[in-house]
Amino acid sequence: AQSVSQHNHHVILSEAASLELGCNYSYGGTVNLFWYVQYPGQHLQLLLKYFSGDPLVKGIKGFEAEFIKSKFSFNLRKPSVQWSDTAEYFCAVIYSSASKIIFGSGTRLSIRP
Amino acid sequence: NAGVTQTPKFRILKIGQSMTLQCAQDMNHNYMYWYRQDPGMGLKLIYYSVGAGITDKGEVPNGYNVSRSTTEDFPLRLELAAPSQTSVYFCASSYRQGQGATEAFFGQGTRLTVV
Chain A
86 AQSVSQHNHH
96 VILSEAASLE
106 LGCNYSYGGT
116 VNLFWYVQYP
126 GQHLQLLLKY
136 FSGDPLVKGI
146 KGFEAEFIKS
156 KFSFNLRKPS
166 VQWSDTAEYF
176 CAVIYSSASK
186 IIFGSGTRLS
196 IRP
Chain B
46 NAGVTQTPKF
56 RILKIGQSMT
66 LQCAQDMNHN
76 YMYWYRQDPG
86 MGLKLIYYSV
96 GAGITDKGEV
106 PNGYNVSRST
116 TEDFPLRLEL
126 AAPSQTSVYF
136 CASSYRQGQG
146 ATEAFFGQGT
156 RLTVV
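Chains as they are written, first to last, in our numbering: chain A, 86 to 198; chain B, 46 to 160.
Okay, chain B solo, but in the shape it has when bound (with noise of 0.2 Å):
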């Protein structure tokens, strides 16, 4: 059971450039996360997912897209990367049903930097 998993740990990107980040989760987990953190500003939610095919904004959408095709995958793409892009990507996963959820299970994180 490996819980969040998220790739690549480490990227460096140039301005412009593309990539997608990977995030899976094994727990059978409808909703999924995806958040940033910038140094001394918390967490900021970019975009969130209560299920297959259902995607819907956070905070700070703006420059990033997803999908969410199966339950297990909810990668995040960054189209053209600017220098604001640069941060620490957490993804997380979390149960609910009516009432009931579980807490958010998070990755180990992806830290981009945009040069």
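Extracted from the complex, chain A is given alone in its bound form (with noise of 0.2 Å):
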């Protein structure tokens, strides 16, 4: 079945530490990739995405993901996180075979000030 999974359900984190959550897809032909972030109390906003070509991708806030094929990995990466980072992170999906985006669970990251 097509699925998104995040193994890391809660990341805590030191301001200033470097950042990168997991985000894995299961095979399903080809596919485009979205990390989306929602902050306390708001809705998901869209922090970058991956349709083709270059698969190291950069999105706002200093964030980036890397598309790795052979690995059905899109994980995210932000090498000094600060506070203002606090907030649930959500992978997602779709498949050009199939109709639905499709979320991941979400992680939650916390930062110490």
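Simulated from the structure, these hints should not be mistaken for laboratory data.
Values in this document were obtained by computation on a predicted structure and should not be read as measured data.
Keep in mind that a hint or two might mislead.
Unchecked claim - Beyond 10 Å from chain A on every Cβ pair, some chain B residues (computed):
1) 47
2) 52
3) 57
4) 71
5) 78
6) 97
7) 106
8) 107
9) 108
10) 127
11) 157
To be verified - Lysine-lysine pairs mimicking DSS-like chemistry, simulated, CA-CA at most 27 Å apart:
12) B:102 to A:185
13) A:185 to B:59
14) B:59 to B:89
Claimed, not checked - Some residues of chain A that are not near chain B, with every Cβ distance over 10 Å (derived):
15) 130
16) 140
17) 147
18) 167
19) 168
Where a beta carbon is used, it is the ideal one built from N, C-alpha and C, also for glycine.
Reconstruct the complex from the two isolated chains, following the hints.
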């Protein structure tokens, strides 16, 4: 079945630490991949997206993600996190063969000041 | 360009009451979605639509109905509200044509409490 997995449910980091959040999707052909962020009490906003081309994608607020096709992964990274990055992060995938956008279960990121 | 607009933002319902959550988008997107989000549970797809006149069930459709009479609007109907439907509801839209697709754009959400 087509699915997305985010293995980290809650990540706690100190400010200036580096961040990597895992995202794996199941095999299903051509995919478009996304990372969304949801700040407390707000709606989901797009951080970055991958459709094709350079597998290293840069997004807003210093985030980037790397598409590794052989590993079915699209991990999110940031070299130095800030307290304002405290939020929930969702990975999502669209399979070209399907209609639905499939979301992972989300990773809650807490940053210690 | 307002994007995706949801109304109301907040609502309290009594058990057994009905209501419609409104969703409208002005981006000429063909795909629209309804999700519910419960604390710590991620997003669950309720219903989605790939175009006017076409709707399909998601993961958790029971207790809900939708219609898509126009490209712009995708209302979600709760017929007999139950406490289990207390949640935050998000509407989203995207554009797909062939292999191409945009990301999903989300509304601000509707916080619904059933008491």
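Results for each hint:
no. : hint           : in the structure
1   : 47             : holds, 14 Å
2   : 52             : holds, 14 Å
3   : 57             : holds, 18 Å
4   : 71             : holds, 16 Å
5   : 78             : violated, 7 Å
6   : 97             : holds, 15 Å
7   : 106            : holds, 13 Å
8   : 107            : holds, 18 Å
9   : 108            : holds, 20 Å
10  : 127            : holds, 24 Å
11  : 157            : holds, 15 Å
12  : B:102 to A:185 : holds, 10 Å
13  : A:185 to B:59  : violated, 32 Å
14  : B:59 to B:89   : holds, 23 Å
15  : 130            : violated, 7 Å
16  : 140            : holds, 17 Å
17  : 147            : holds, 19 Å
18  : 167            : holds, 23 Å
19  : 168            : holds, 22 Å
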